[in-house]
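Chemist: Per this note's numbering, the very first residue in the sequence shown carries number 64; after that it's consecutive.
Worth flagging that the hints you see were computed from the coordinates, not collected in a lab. Backbone N, C-alpha and C define an ideal beta-carbon position, used for all residues, glycine too. Nothing false has been slipped in among the hints.
Label-pair distances were calculated between CB atoms; the ranges are:
1. A182 <-> K137: 18 to 26 Å
2. Q174 <-> N220: 33 to 41 Å
3. I203 <-> G175: 12 to 20 Å
4. G192 <-> Q222: 29 to 37 Å
5. T177 <-> S201: 12 to 20 Å
6. H191 <-> A219: 35 to 43 Å
7. N183 <-> G162: 16 to 24 Å
8. T217 <-> Q174: 30 to 38 Å
9. T135 <-> T163: 15 to 23 Å
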Amino acid sequence: MADELTRCQIADEHNAAPCCGDGDRPDDISRRALLRAAGAGAAVATVAVTAAACGNSSSGSGSTPANAAGVTVKTSDIPLNGGEIIASAQIVITQPAAGTFKAFSAICTHQGCTVAAVANNVIQCPCHGSLFSAADGSVIQGPAQSPLAAKSITVANGQITAA
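Hey, can you work out the whole structure from these sequences and the hints?
Modeler: Here it is in structure tokens:
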């Protein structure tokens, strides 16, 4: 019990108002109070990490930050029978036929990994080998059983914009 902190010691370390004199024993801190304080600290740390992860970043040439209203890439950046994965926006844009552009969620429907490559009109997930069609997002090979969700895009003036 000598190395346990009292409520008064914890309050003093955090420049909080002293807790002694409220009728409780000063050396008695409840497990609930200690866990509540630890949980609050963890919540603050989680918010800070999440905010940092959602900061301004861009992926791929010609793209805007993921936290912008939409992601824009040049049509010339999307190879025929291939595509570009914009991980920060969780989207994959493909060109399965000349001048035809499609967009899908870049999150594999099997276990939530981000897809890693698009080649020969196939979107590949690196985690467990699922393969998806670059034309319609359908499953070519499992273990994924559901297709990639289609995303809305507009193509104009050599630019592809995803909502």
